[in-house]
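Novice: Listed below, chain by chain, are the residues.
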Amino acid sequence: MERVLGYANHVAVPWPDYNFYWMSNRVYHVAADRPQVNVVSNICDYTLQEDSAIANTRAQTAGTSELGDMKSLGYALYRYTCNSNPDSVPTDIFLSYEANYPYGSSGGFTLHQKATADWCGLWSTYYPCGDHYPTIHLNLPKIQGESSDQIVRLLMHELGHATGLDEHCTSDAIMNNGDVDPKTGLPCNNKKWLETGQWYSTDRDGLYAAYHPLYGESTESWSAARAVSSGPVLGFYNLTNPAVDVGPGGRMFIGFRNDKVYNEQWEMAWSDDGVTWQRETHGAFIETLNPGAGMLAHNGGVSIYAVFSYGGYFGYPSNTFWIYRQTWNGGWQGPVLEYSAGTSTFHCCEGSPRVAHSRDHSQYAIAWSRTVSGVPLAEFSFIDGTTGSFTGGVEAIDAFVVQALVFDDTGNPKVIYRVSGAGTSGIGGRRTRVNGVWQPEEQFVIDGMTDPDAFSLVEGEGGYHWSASNSTHGDYHALQGGNLTFTYMKRLNGAYFQSAVDFGALPNPITGTYTLHGLAQRVYGRQAYSVGVVWTNDVAGDLWFIKRRVEGY
Amino acid sequence: MIRGRKWLVAVEIAAAIAMIATMYITSASGSTPAFQTSDCSSYKLPTGATLVQAAASQPDNTIQIFYAVPGGIGGKLVVPFDVLAATCTDPLVRATVISAQEADKRIKVGMCQFVGDVLAGRTQLPPDRERYFDRKFAEEWYREACLGTK
Chain A
26 MERVLGYANH VAVPWPDYNF YWMSNRVYHV AADRPQVNVV SNICDYTLQE
76 DSAIANTRAQ TAGTSELGDM KSLGYALYRY TCNSNPDSVP TDIFLSYEAN
126 YPYGSSGGFT LHQKATADWC GLWSTYYPCG DHYPTIHLNL PKIQGESSDQ
176 IVRLLMHELG HATGLDEHCT SDAIMNNGDV DPKTGLPCNN KKWLETGQWY
226 STDRDGLYAA YHPLYGESTE SWSAARAVSS GPVLGFYNLT NPAVDVGPGG
276 RMFIGFRNDK VYNEQWEMAW SDDGVTWQRE THGAFIETLN PGAGMLAHNG
326 GVSIYAVFSY GGYFGYPSNT FWIYRQTWNG GWQGPVLEYS AGTSTFHCCE
376 GSPRVAHSRD HSQYAIAWSR TVSGVPLAEF SFIDGTTGSF TGGVEAIDAF
426 VVQALVFDDT GNPKVIYRVS GAGTSGIGGR RTRVNGVWQP EEQFVIDGMT
476 DPDAFSLVEG EGGYHWSASN STHGDYHALQ GGNLTFTYMK RLNGAYFQSA
526 VDFGALPNPI TGTYTLHGLA QRVYGRQAYS VGVVWTNDVA GDLWFIKRRV
576 EGY
Chain S
194 MIRGRKWLVA VEIAAAIAMI ATMYITSASG STPAFQTSDC SSYKLPTGAT
244 LVQAAASQPD NTIQIFYAVP GGIGGKLVVP FDVLAATCTD PLVRATVISA
294 QEADKRIKVG MCQFVGDVLA GRTQLPPDRE RYFDRKFAEE WYREACLGTK
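Top line first, the protein sequences correspond to chains A and S.
Every letter in the first sequence is one number past the one before it in the numbering used here, and letter 190, counting from 1, is 215.
Every letter in the second sequence is one number past the one before it in the numbering used here, and letter 84, counting from 1, is 277.
Hints are supplied without guarantee of correctness; some may be wrong.
Stated by the list, open to error - Calculated cross-link-like contacts (lysine-lysine; reagent style DSBU-like; alpha-carbon spacing at most 30 Å): (1) A/Lys208 x S/Lys301; (2) A/Lys167 x S/Lys329; (3) S/Lys298 x A/Lys216; (4) A/Lys167 x S/Lys237; (5) A/Lys217 x S/Lys298; (6) S/Lys269 x S/Lys301; (7) S/Lys269 x A/Lys167; (8) A/Lys208 x A/Lys167; (9) A/Lys572 x S/Lys269; (10) S/Lys269 x A/Lys208.
To be verified - So the derived list for chain A, only partly shown, Cβ under 10 Å to chain S, looks like this: (11) Asp42; (12) Asp112; (13) Ser113; (14) Leu259.
In case anyone wonders, no lab produced these hints; they're calculated from the structure.
The beta carbon of each residue, even a glycine, is placed where N, CA and C say it ideally should be.
Make a model of the complete structure from these sequences and hints.
Specialist: Shown next as structure tokens:
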């Protein structure tokens with residue numbers, strides 16, 4: 026079946042069939058170490074011109090508004106090497122200067138070559154994933170007679186083709202071509218070739234469009250698989266939302282609380298394909314009395330963080346406050362005390378620990394609230410991604426109850442909490458940690474649920490059954506449960522969309538009566554999906570793994 | 194002593210990979226591609242058209258050729274990837290088809306060389322690429338695709 030994707034003008038060959046994985050939304054745009062697009066040449070005679078073309082292109086695309094979520098590095102070209110075999114080095118664009126140029130009288134001709142599924146797999150992503158590398162064939166006899174400026178202009182134009190742009194002759198553009206129409210005697214856009222030797226707004230619009238399918242013209246699909254079913258030794262605890270997370274290697278985890286064992290211990294199931302699931306029979310936290318725990322998938326496996334309170338139950342007065350970690354790395358390790366506080370009398374725990382990782386899994390963190398003399402205190406710690414242990418010391422933030430912890434667009438941790446109101450009405454607050462300092466409170470309106478953080482805020486409150494993804498680049502989504510037809514909200518590039526998703530009508534439908542569902546989470550790279558978990562009660566209780574995939578990312 | 198032995202084993206593995214990769218490349222580059230089957234003579238660009246760019250996909254069996262025409266807005270000609278290039282009568286179409294098919298062949302052979310070099314340590318990936326390179330996948334793929342073993 027042919028996919029139909031819609032793109033703006035100026036785009037001849039869009040991502041993901043062609044162009045560069047490193048420029049796509051599968052790679053975290055704002056990461057400082059985002060891979061650049063390596064340019065490799067077969068000869069070293071034109072390195073000065075190549076350097077100029079690359080520097081101009083970078084300077085004229087980075088930091089520009091048209092590039093939206095791609096603007097931090099722009100079209101991040103890098104001259105990697107010359108006089109080289111492109112298959113011996115990590116080539117993204119090959120400049121092939123050719124004495125025998127068979128492509129007519131033009132100065133250059135760009136030929137895209139779609140990468141195979143194997144090539145995509147080697148780079149930890151899925152097919153299609155753009156070009157293996159496009160080759161820019163260059164007419165050596167022709168350019169040998171041209172000025173350096175002409176060659177720079179030609180290279181910039183062909184580099185535009187290499188990222189999927191088409192010719193453009195209706196306004197000033199780097200994609201104006203240099204041909205003269207033999208009928209009119211006029212060049213493209215009636216301009217001299219050198220007059221338009223820079224990236225214009227329309228070129229940048231095209232660059233953005235090449236990597237962003239228009240909403241409604243991309244295809245998206247939901248799928249579901251039964252992950253775990255209750256039985257003689259397993260019953261899902263009726264107060265606790267199941268948890269879901271995906272590790273940096275793509276392993277998927279569902280956490281749930283088993284009501285059939287002493288004190289309802291947390292357990293876990295995992296899968297590498299989202300279809301076949303394995304339940305870990307030895308659960309964590311044999312003695313936990315806290316229904317709220319955070320589950321975090323990290324490099325070393327998965328960790329569950331739960332609060333214990335000496336001599337008391339969750340929410341009751343206690344003299345100690347402990348956060349224990351239990352990590353699974355192929356098998357459960359013993360519980361580890363990560364944090365304790367409580368030299369004075371205070372109430373135990375407000376809510377449960379919230380855990381999060383940045384989109385690229387370079388950062389992990391936990392936040393929680395405890396009450397000290399009746400006043401809530403929000404605290405925070407980073408987590409070591411290999412061991413799951415706390416690292417860097419515990420930071421006190423302020424007096425509020427943490428409802429959500431996410432990493433924002435720029436990779437900064439952000440805590441979300443309620444300032445006033447109840448349910449889907451009122452005022453929310455957020456505090457973001459920038460350069461090691463917690464910034465002042467920002468407030469947002471919850472009513473209307475138009476702020477992505479509003480979904481994260483109500484998620485932990487129960488009764489509303491909203492589950493929210495992380496909001497990255499202004500693009501987020503949320504699910505509202507209700508039987509098996511969910512309300513599905515998403516904001517894409519600043520616009521809001523709402524639709525219904527019937528999980529009972531999928532090819533592999535969810536059956537039973539809806540009970541609760543867990544956090545939907547965006548995952549990129551190898552699994553460019555949104556994932557979640559739905560709990561139904563039928564003859565037996567079932568946990569279903571759900572997945573949404575959008576083509577074009 | 195142990196370090197020395199490990200180093201020796203690594204060198205032996207690298208040498209074996211290099212030898213087998215060389216054998217594969219020699220064999221592959223000397224073979225006749227089996228995918229060129231259909232006639233190309235009906236695929237022609239309009240008179241006076243110039244090439245703009247092209248996009249080839251062997252899995253989709255397409256070569257999209259984008260062209261410009263004098264006084265017009267240009268267009269796109271889609272040629273099956275598996276055409277027999279020698280039957281192309283339009284010289285620009287023929288040049289594009291030959292280039293696409295040769296590039297496809299070169300890239301597939303080059304993958305074995307590149308992955309073999311990376312696995313053997315002869316090619317160092319830059320830090321921004323290293324973290325994306327799936328070594329486990331690469332080792333399995335290399336064994337199956339380049340060495341012919343599972």
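Novice: It remains to establish, for every hint, whether it holds in the given structure.
Specialist: So, going through the hints one by one against the coordinates:
Of the supplied pair hints, the one linking A/Lys208 and S/Lys301 is violated, its CA atoms being roughly 43 Å apart against a limit of 30 Å. As the CA atoms of A/Lys167 and S/Lys329 are separated by approximately 46 Å, the hinted pair breaks the 30 Å bound. Under the criterion of a C-alpha separation no larger than 30 Å, the hint pairing S/Lys298 with A/Lys216 is inconsistent with the structure, at around 40 Å. Annotation: proposed proximity of A/Lys167 to S/Lys237 holds, straight-line Cα distance about 25 Å (limit 30 Å).
A C-alpha spacing of about 39 Å is found between A/Lys217 and S/Lys298, which places the hinted pair above 30 Å, so the restraint is violated. For the given pair, S/Lys269 sits about 26 Å from S/Lys301 by alpha-carbon distance, which is consistent with the 30 Å threshold. For the hint linking S/Lys269 to A/Lys167, the alpha-carbon distance of about 26 Å falls within 30 Å, and the restraint holds. The suggested pairing of A/Lys208 with A/Lys167 holds, with an alpha-carbon distance near 23 Å, which does not exceed 30 Å.
Pair hint A/Lys572 plus S/Lys269 does not hold up; C-alpha atoms about 37 Å apart against a cutoff of 30 Å. As the CA atoms of S/Lys269 and A/Lys208 are separated by approximately 21 Å, the hinted pair is consistent with the 30 Å bound. Checking A/Asp42 against chain S: minimum C-beta separation of about 7 Å stays under 10 Å; hint holds. Among the interface hints, the one on A/Asp112 holds; its C-beta lies about 3 Å from the nearest C-beta in chain S, closer than the 10 Å criterion.
Proximity of A/Ser113 to chain S holds as hinted, the smallest CB-CB distance being about 7 Å (cut-off 10 Å). Because the smallest distance between the Cβ of A/Leu259 and any Cβ of chain S comes to about 32 Å, over 10 Å, the interface hint for this residue is violated.
When each numbered hint is compared with the structure, violations occur for hints 1, 2, 3, 5, 9, 14.
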